[in-house]
Each structure stands twice: as structure tokens, then as C-alpha cells.
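Top to bottom, those sequences are chains A and B.
125 is the number of the first residue of the first sequence in the numbering used here; add one for each residue after it.
47 is the number of the first residue of the second sequence in the numbering used here; add one for each residue after it.
Hints were generated in silico from the structure; no laboratory data involved.
Misleading hints may appear alongside valid ones.
As the list claims (entries may be wrong) - With a Cα cut of at most 25 Å, we get these calculated SDA-like pairs of lysine to any residue: (1) 166/A x 193/B; (2) 285/A x 142/A; (3) 200/A x 85/B; (4) 166/A x 226/B.
Claimed, not checked - Only part of the chain B face toward chain A is listed, based on derived beta-carbon distances under 8 Å: (5) 98; (6) 102; (7) 120; (8) 125; (9) 156; (10) 166; (11) 181; (12) 198; (13) 199; (14) 202; (15) 203; (16) 215; (17) 219.
Note that CB positions come from ideal geometry on N, CA and C, so glycine has one too.
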Amino acid sequence: MNLVERILARASGKSSVSPNDVVFAKVDRAMLHDVSGPGVIKVFERIAGQGIPTDKLWDPDRVWVAEDHFVPSAEKISAENIARLSEFTSRYGIKNHFRYGMGQYGICHTISHEEAMVMPGDVYVGGDSHTNTTGALGAFACGLGHTDMAYVLLNGEIWFKVPETMYFRLNGRLPSHVMAKDLILRIIGDIGTDGGAYRTMQFGGTGIEEMSVEGRLTLCNMTTEAGAKNGIVRPDQKTAAYLEERMRGAGREATAKVSLGRGGADYSEPDGADSDYAEVYEYEAPELEPVVAEPFSPENTRPVSEAPSVELDKSYIGSCTGAKYEDLEAAARVLKGRRVRIRTEVLPAAISIYRRAMESGLLKIFLDAGATVGPPTCGACCGAHMGVLGKDEVCISTTNRNFPGRMGHVESRTYLASPMVAAASAVTGRITDPREIAHAA
Amino acid sequence: MERRKGGGSRSMSGNGAVTSGVIKYARDNIDTDVIIPGQYLKIHDYAELATHAMEGLDGDFHSKAKDASFIVAGRNFGCGSSREHAPIALSHSGIKAVAALSFARIFYRNAVDGAFLLPIEIGEDAYEGTSEGDVVTIDVKAGQLRNETTGKRYEIKPFSEIIGKIIDAGGLFRYGMQQKQQQQQPES
């Protein structure tokens, strides 16, 4: 069995599973946010009317809640949703509720790794499509809708069709101007927005072993854009060290140890010779280059070197996929000592990242360059608030989608790119390869 | 604020045959951002959500939906976000089924598990052979989409076993209740 099959077999109490088997898997962790939380509350109200008991959750300690989409409250409806969410968590005894304005909070997928809410080998479901992100920690991480999340909260399990697995092997180390974002955009360009539909996208090879945990998180985040059920990377010592550092940071155990296995299973072991992959793709890291996805689909990719000369109005460096600490660090390397020529917004994806960026001087670099630094929020990434695009505005963005209207007006245009490309483009006002800026320095 | 109430909210069952008009979107990758734009994710009143259905793609959707309960579309319908708002907004606008070449997974599961509408997988023949304004019958039991306007019949892809059971039960919670009852009362 491959990695996902091993996790799903364990979670469904079976000795083995195969693609297309339908299993009810026990859930280890479940997440809601300020959109899916009120959605689940609505489902609870509906089913209570049908005589289904909703008085207690299966395990409130396994549920955690983020506030991210419409925070700080965009207007009165979102303020009311936050109030409903708080009422819900206190009523059901959910302790892990990350509230804005009260210490650590941020985008749910960012909190999942910054607060070590998910462990290798977990079955982790969340009421958000980019729940796939956290598969980078070696978990089966999958997004669900409100009805399914309500079912999980009450029953602790949910059905899955065991997915086929596509294996993406990265050979060698990425060049310094190429980021994980460039690789995943390239992959989506190659396989299309339904190229991974219903399947697992697993990443491995020497390039993934060398890649940081945050790079792996970027890859898994955007498996959603290829339609995948989940993305996953085999957990290793790097995964354990990353989580242990954050568990200590979160003020839990000073000597926290992360297990890479569960109940006798060791998920850090490579997939056995009997592992089956529906398809295997190979990428040579040294040959990769910076990529953008043009409007209006993440699959409309082309190398930055071949991108059209487009006048940009704005550069947006934010979101779960593009505002982790290393993303900000990469953008700051490009912006250091330079001035932005277009509106540039930087929104660290969690308070812990914001704080680190402040302490290490990244925020000063952004402010010196003329950028605005905002609070953690999904914000304009999903067209919610705080920097949305007007008619005909053109944006280069480190986010993950560029469908019509995604970041605001249906006639605005978004180019998806890595933090380095977004930063380089902020300096020139047009789509720019980071190497161009480096040479100019 | 004036609120226009959406249409019927009951989805069709997996057994009956339903005849209605077609709204055709001859394109692939109709994503959740056009089905229900992100700014409305804060809304959880189903009737109000319905008033914004397809706002990102088709300003005439609601006038079309007066006479049509089916959408016919291309590949990867409902790609993008996990927002259950998408099948909810369509269902509460009176849409009973979406017949598409393929579906994105979360939209598909949300439609079925929440019993909002039927996601019907069709082939290129039915997709090409169905036009805006045609009247069609979707007959799940017979595995057919019949175009009453042209007189042509097409096969639809059968539901997988689990999907068929959840649809027959009327959604995931009802299915779960049935399963529990069966476990408590084993067949004699």
C-alpha cells in the first residue's frame, strides 16, 4: 500500500484498502472557520428539526476553529458570524479557537502547521477546500463541505472513496530563484485543473527531501487547484523537527516529541514495492523556472520569461499559499533596498509569522519599500475584503486562484505567481523574473 | 432590504423521472467563484444566497431558471472552493439537477450529502445533443437523459453504490441513521 492507503486502512480499521474502496474513516482532527462554522451551525439547525441529536460533539478536543475569511470583521454580517462562532465553540466546549485580536490567529491552513494542530499520519478534515495544504506534514488532509463537516463533528467519521495516487518526483534541488509555487503552477499547467480530480497527489524524490516543510505546504495547498482529493508528502525528520519547534513555541511541552507513526505503522517509511500509482511524473529541478498563471485559470501557466508585457496595478503577497514566513523572507530578499512602483500589500498569514517578520526586520523592509503591511486574513484572496480588485484592475498575486471575480470585480485580472515574482513585479510594475532584479542590483 | 425568494428547495430523488427545461453553459470548469462569488460566503440564509446564484457568469440565470430546473455543462463543474453555498444557491434557485461531463469532487459530494441536487454525469453525445431551452427528462432509474425536444435518448453514467445509497436515503445524515438502525436490528 502507498502512504494514503496505509493511513486510510489504519483509520478505517482494515488491514488493507485499495483505490475505489469506500471506507468510513475515523477522523483525528477537524477544523472549521468563520465561513464553514456558521455553515455547520445552519446544518445543525436543519437536522435538529429532523430529530437528529445535535447536543454534543463526538470529541470537542479534536475540533479546532479559525477566524480568517472576513476578519477583522469586514462589516456587520461578518461580525455577527464571528459572534455566532464564539457562541458555538463555548456551547460545545471547543477550546482551540484562534480569535483575532487575542494573540495567535491566522488563516486556518497556516494555523494548522504554525500551531502543530495536525500530526503525521492523521486523518484531518476541514471545512475549506485548501485543507489539502496540511498533507505536507504527512497527514491525509482533505476539504469537505458543511454537511460533511457537521456529520464529522457529530460522528467522528466520514466516508471516503480511497483515491488513486499520482506520484510527482522532483529530482535535484530547485534553483534559488525558483520556489515551490513555481513547481506546483507548472504541474497544474501540465495536468490541468481536473488533472488530479478525485486523486491523491503525492510528492517525493530528492528535491522534496531537500525542500523545506513550508515549500511542501505550498505544493500540497495547490493540489486543490488540480482537483485533487488531497496532497501528501512522506513525513521525515524535517517534519518532526518543524512540528516540535512549533509545539514548544505554542507553550506546550518543552520536550515535545512528534511521532512519525501510529499504532505500529511508520509513515516515514518509503512506500513499499507493492505500491501502486496511477501515474508517475518526473521533474528535473535545475531545469525549472519562474512561472505565472494567467487569467482566468491556474492552469494557464507559462514561464515568466515568456509572459506578456502587462502593466500591473497591484502586487498582493498574502494567503495560506503565499504568506508563510519563508514566502515573506523570499519577497523581502527582492524588495530590500528597493521601492515598489505599484500598490503592494503584504499580509502575513498568521500572527506568529507577523511577529517573526517584525523581529527579523522583514516588516521594515516591506515598509521601507513602500508596501502596506496588513493583518492576517484570507481577505482579498477570495474577494472578501481588504484590498479587493476593481473593474479592469490587474494584480499579480501569491494566492492560489484567479477565476473570474475571484479577487473582486468579475472584470479584474489576476496573475498567480511566487512571492519572489510578485515582489520583483512590484518593483517594476510589470510581470518580472526575479533574476532581472538581482542583475539590476 | 428587498429579498427575492428563491425557488423550490427540494431536490429530486434518485428514482423518479423529472422533465424540465435546460439552461446550457457550453463550457468547462464552471467554478464556485462564478456560481456564488466569495463576497457572499458570509451569508447563510439559503433564500438570500439563491438570489446571487451564477452572478459571476450569467445575469439572466434567474429568469432562465423560471422555466428550467436543469443545468447542462461541460467538464469539471463546480471546481474551486468547498463552499456548500454553491449547490445551496443553485438548489434554492430551483435547480434540481446539473448534468455535466464531469464534476469537481467537493461540489459533487456537497450536492449529494446535503441532498441539494443531483449531479448527473453525461457523455459528449448528451452534452452536444442538448441545447438551451430544450425540454429534457432525466430518468435516473432508467439511466437515461431523454431530449423531448429532439426525441433523442442518451445514457447517463450510473451512480456509484455509496452515492446511490446516500441519494436514496435523502442525504448523508439520513443514510447514517439508516445504517445505525440496521446495525441495531440485524436481519433475522
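Consistency of the hints with the structure:
1. 166/A x 193/B: Judged against 25 Å, a Cα distance of about 37 Å means the pair is violated.
2. 285/A x 142/A: Within the cut-off at roughly 9 Å; holds.
3. 200/A x 85/B: Holds, because 13 Å separates the two Cα atoms, which is no more than 25 Å.
4. 166/A x 226/B: 23 Å, holds
5. 98: Nearest chain A Cβ about 11 Å off; hint violated.
6. 102: 4 Å, holds
7. 120: 11 Å, violated
8. 125: 6 Å, holds
9. 156: Nearest chain A Cβ about 4 Å off; hint holds.
10. 166: Since the shortest Cβ distance to chain A is 17 Å, the answer is violated.
11. 181: Hint on residue 181/B: violated, closest Cβ of chain A at ~30 Å, above 8 Å.
12. 198: Violated - the Cβ of residue 198/B stays beyond 8 Å from chain A, reaching only about 27 Å at its closest.
13. 199: 27 Å, violated
14. 202: At about 18 Å, which exceeds the 8 Å cut-off, the nearest Cβ of chain A leaves the hint on residue 202/B violated.
15. 203: This interface hint is violated because 14 Å lies over the 8 Å limit.
16. 215: 12 Å, violated
17. 219: Hint holds; residue 219/B Cβ to chain A Cβ min 5 Å, cut 8 Å.
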